[in-house]
Structures are given as structure tokens and as C-alpha cells.
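Protein chains in written order, with the numbering used here: chain C, 1 to 186; chain F, 1001 to 1388.
Take these hints with a grain of salt, some might be off.
What the hints assert, rightly or not - Only pairs whose alpha carbons sit at most 30 Å apart, straight line, appear in this in silico DSBU-like list of lysine-lysine:
#: 1; chain 1: F; residue 1: Lys1071; chain 2: F; residue 2: Lys1106
#: 2; chain 1: C; residue 1: Lys27; chain 2: F; residue 2: Lys1202
#: 3; chain 1: F; residue 1: Lys1202; chain 2: C; residue 2: Lys6
#: 4; chain 1: F; residue 1: Lys1348; chain 2: F; residue 2: Lys1071
#: 5; chain 1: C; residue 1: Lys19; chain 2: C; residue 2: Lys2
#: 6; chain 1: F; residue 1: Lys1106; chain 2: C; residue 2: Lys68
#: 7; chain 1: F; residue 1: Lys1348; chain 2: F; residue 2: Lys1106
#: 8; chain 1: C; residue 1: Lys68; chain 2: F; residue 2: Lys1318
#: 9; chain 1: F; residue 1: Lys1348; chain 2: F; residue 2: Lys1076
#: 10; chain 1: C; residue 1: Lys68; chain 2: F; residue 2: Lys1071
#: 11; chain 1: F; residue 1: Lys1348; chain 2: F; residue 2: Lys1318
#: 12; chain 1: F; residue 1: Lys1318; chain 2: F; residue 2: Lys1071
#: 13; chain 1: C; residue 1: Lys19; chain 2: C; residue 2: Lys6
#: 14; chain 1: F; residue 1: Lys1348; chain 2: C; residue 2: Lys68
#: 15; chain 1: F; residue 1: Lys1076; chain 2: F; residue 2: Lys1106
#: 16; chain 1: F; residue 1: Lys1076; chain 2: C; residue 2: Lys68
#: 17; chain 1: F; residue 1: Lys1076; chain 2: F; residue 2: Lys1318
#: 18; chain 1: F; residue 1: Lys1318; chain 2: F; residue 2: Lys1106
#: 19; chain 1: F; residue 1: Lys1202; chain 2: C; residue 2: Lys19
Keep in mind that the hints were calculated from the coordinates and are not lab data.
Given the structure is predicted, the values throughout are model-derived calculations rather than measurements.
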Amino acid sequence: MKRLFKTLQGLWSLAVGLKITGVELFKPWLTVHYPRQEVDNLATFRGHIELVPAADDPQTPRCIMCWKCVEICPSRCISLRLHAVGEGAEAGDPGLLLAPELKSPYSAHLPPPPDKIERVLDSYRLNYSLCSLCGLCVQSCPVEAIRFSRNAYLVGTTRQDFDLDLLARLRNPVDAPRPPGPRPPT
Amino acid sequence: MSQDANARLTGDFYTAPFGPRIEEEGDTLILNMGPQHPATHGVLRVIVELDGEYIRRAEPVLGYIHRMHEKMGEVKSWVQYLPNMGRVDYLHALAWNWAYVGAVEKLMGLAVPPRAEYIRVITCELNRINSHLLWWGAYLLDLGAFTPIVYAFADRERIMDLLQMVTGSRLTYCYYRFGGVSADLGDEFIRGTHEFVADFRKRLPMYRGLVTDNMILRGRCEEIGVLSPETARRYGATGPVLRGSGVAYDVRRAEPYSVYDRLDFTVPTGRNGDAMDRYEVRMEEMNQCLRIIEQALEALPDGAHIAPDLSERLLPPKGEVYFAVEGARGKIGVYLLSDGGPTPYRVKLRAPGFSNLSLFAELAQGTLLADAVSILGSLDLVIPEIDR
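Take these sequences, add in the hints, and give me the full structure.
The following block contains the structure:
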């Protein structure tokens, strides 16, 4: 008798479960059918980093080349190159003049560098295949010259596809946000 | 079983490799479960010696996904080690974030603004629900029920959307910083969390009706893998595995950190220590997480979310420190030794999954192979965390 009761109770538990599944069957879809539809929460998405343009010129980055992002990056995925212009440009590798108060046997005979050297950013590359999106570079930037892009749809077939030239991307925004919806037929 | 054969059944895989079969005991079969096996959820290999369908001996073999996280701590600066923490245990990344950040703060004597403490509690508990939900779905998947994981993912999606709002990531969070958190909570997050808590509270009874009371699940879990509190203690098991055996040990209560001593929640425990008790403990814990989140949202103070004027080149003083938090799988401990340099001298990570897995060999002895899968699932293992 006890066993029969237990079996009936068990069978009832199956019916309860089936009822829940049945109700769920008639609820609206929760999933998004990419690529016909796209998710709407990309405003908070953190994609690869990108350079922020200066307020007065959208072609020039705000970056002051202080090297902080390069130094703090745990996976060393940022590399940048620059050259000096104007007064002090001929003094040599501008990378060595970042701390003018430092004297080394190699620089002792050189004339003292000018107080301010104007530098131009030649390239700002990000090896996105190494990046872990921790955000330390964005937070350490003193002038807020880096931000996260909203580019959730970055795909590539080779490793070189993820070696991003951020300066070129700033000048030619290839990944500008596309309005959601179906893609035009190609 | 003869004395000689018994002697061969002790010891682990490394000291006594599986030799030829034990002839006097009849035909036994040595079987590899894993490293690629759907029930091990990752690259865990369990060597089992089978007598028919019964397990004579089971031995987990670790190290397939060892990534040298502890060694990496010695070569990266204090700040640069932060993203590693989200990758030790990808399911409860924020608890690992907290354990490391908390250890460094303790070493430096750094005060955390009250708002940051509450933000940490809210996000960490949301992450705990997320972790338990995935365990729930995956465990039932192991036992042959496919639908629950779809329900779990529908709820997980909402939590991940919420956490994405503040952290920017969906799984491997790197959100906590020394002296606070990296971003403040917005109104949208607070509103969304209130809505989620209200909705999820209704979902929990639905889960009970869907599977918890199901006779098939009960048949697969009740009186399977009974773990006595003594055995659990002997192996250093923590978290829901220990609480399922009736020991109410929770780091949030036993060694309160942050603001947990100001929050009202209970520590659910089981009675028999079987797989069903571990299941019930986790389901009730999700309910308690909701209570904690509600209280923390209520008490969320205004103010800064990160301690101001924190130098970037962080140089903690000489010394050693140990800091433990309660993760979804148990006690997460971070031990740091600093020589005053730019990197930690030594980092030791205490992963709860390692201790919880260790007792599997003893629990699985003499059970059916199918029950061993149920036991393995009920321990809620995350293999990257075990190997670190």
C-alpha cells in the first residue's frame, strides 16, 4: 500500500513537471535569431579598445604617449611608436628622452633636451588575440584617450586579423556601429 | 578481498599506478572516464576499475588544464595579476576577484569605501546564483534531463546582462580593484536587479515542481554518495558539499568579511549528506542570495566606489597575508607573501574544488558507474579551478 502511494506520488510529480514544460511551450521566444535579429545590450559591451579623437580634430588621437597603458597591460598587447618634431627632434630617439632629468654615459655629452618635446604618434597597435579585456589600460590613461569599442562582431580567419592598427581605425572607422536589423543582401 | 589485494587498492594514481588486474578477484576492467567525457565538465580524467557495473576503485588524475596561475603571480605586478583571478574559476569569478583584492587590501591596511563593500556583496551574490544555476542545469544534464539547463540559461542570461552593465564582461569578470570596484552601479542596474530578484523568487518554486520533486531525480540522488561530516572534514571539503553533510560552516558567517555580519541570512544545511542534500543546499542558497541582494540594495550607501588617490605603482609592504571568502564551491583562500617588491614573492591559491574532488575516490568506491556520475556532478566541480 505504501509502495503504491509512493508510485502514485512519483507519477504525479512527473505530471507536474510536464505541466510546467507545457506552459513554457506557449511563452514567447527568449532567444534572438542572429543574424535576422541582434541583441540590444551592446551599449555596455566591452570590445577591443579604441582611441578617442581629440575634441577639435576627429583625425588626431587624444593620446599623449605617456606609455602608461603599455606598462600596465598584463599581456603586453599594446605597442606604440612615435617621433619627435620641432625643437629637439634631432636629439635622438625620443623614447629615451621621456625622463629628461636622467643622465646616462651615453647621453651625458648631449645638450640638455628642451623642456617640452612635441611628439607625434606614428602607430598604435593592439594585439587583440592576447588581450583579456581587463580594462586596466582604459583606467590608467590620464587623459581618457582610450575607450572600449562596441564592436561585438569582430571576426577573422588569421591571427593577423586581430593585430589591430588603432590609429588607422581612428582615421578610417571601418567598424562604425551598424544599425540593427537584417543585413542588405550582397 | 584478500589482504594483498586490499593493499593494492590504497594509494593514489601517482604513487601506485594501476597495474595488471587483480586475478584472484576475477575479471575487472580498467576504464578511463575522461579527459574528454561529458560528465567531467572539462578535462578531468578519472580512472575507474570496474567489476561489472560496480566501481572497485576510482582515481582522479589532475593537471590537464594547469595554467600556472600561482607562478604567473610571481612575474606579474600586483595590479597585472587581477585578470588572472577571473580565469581561475570562470563560474564564480567575482569571488576569486574578491579573495585576491581582499588579501592585498589586508596586507596594505587599505580601507574600502562602504558603497564599494555593498557593491561587492551585490555583484558577488548575483554571480553565485549564476554559478549555482549553471551547476543545476549541468548536473541534471549529467543525469539525463535536458530541459532544465535551458531554463537555467534563461535566468543566467538576465544575470549576465546585469553584470555586463557594470563590469563590461559576461563571464570572466575583472571588476574589483584594490580599494573598491572599477565602476559604479547605475540606476538601470539597481532597477534591473530589483526586477530580477522579484522574478527569480517566483522561478525557484517552479524549479522545484519541474525537477526537484521529480521521482526520477530523487531516485538518482537520494542515498547516493553519502558523505559523513567526519569524511568531509578529513578531506577539507567546504561549501555546499560540507553543508550538505550537516556542518553549518560558511566563511561569510564563520569568519565574516566585508559587510556580511550586518546582513541577515541563514546557512542551509542538509541531514544525510547524500547527493540530494547537496542539491537542496544549493537550491536554498540561491534563495538566501536573493535575500542578501535585497538587503544590500536597501542599505546601499552613497559615496565613492573606489578609494581615492591610490597610486598606480602599488607597493604593498613586506609581509604575508591570508584572506578567505566563500565561493560557490566553498572556501576560496589567497595567501600572499610580499618582499616589498613590485610583484608578489609567492601566491598560493586555495581552490575549494580540489578538496571537494579528493573525496570522490572514497565516495565512489563500491557504487554503480552511473551513480558515480551523479556523485561527481553533485560535487559541483570546475576543473580549471582545481588545476589552477
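Self-check item: Hint numbers not upheld by this structure, sorted from lowest to highest
Solution: none
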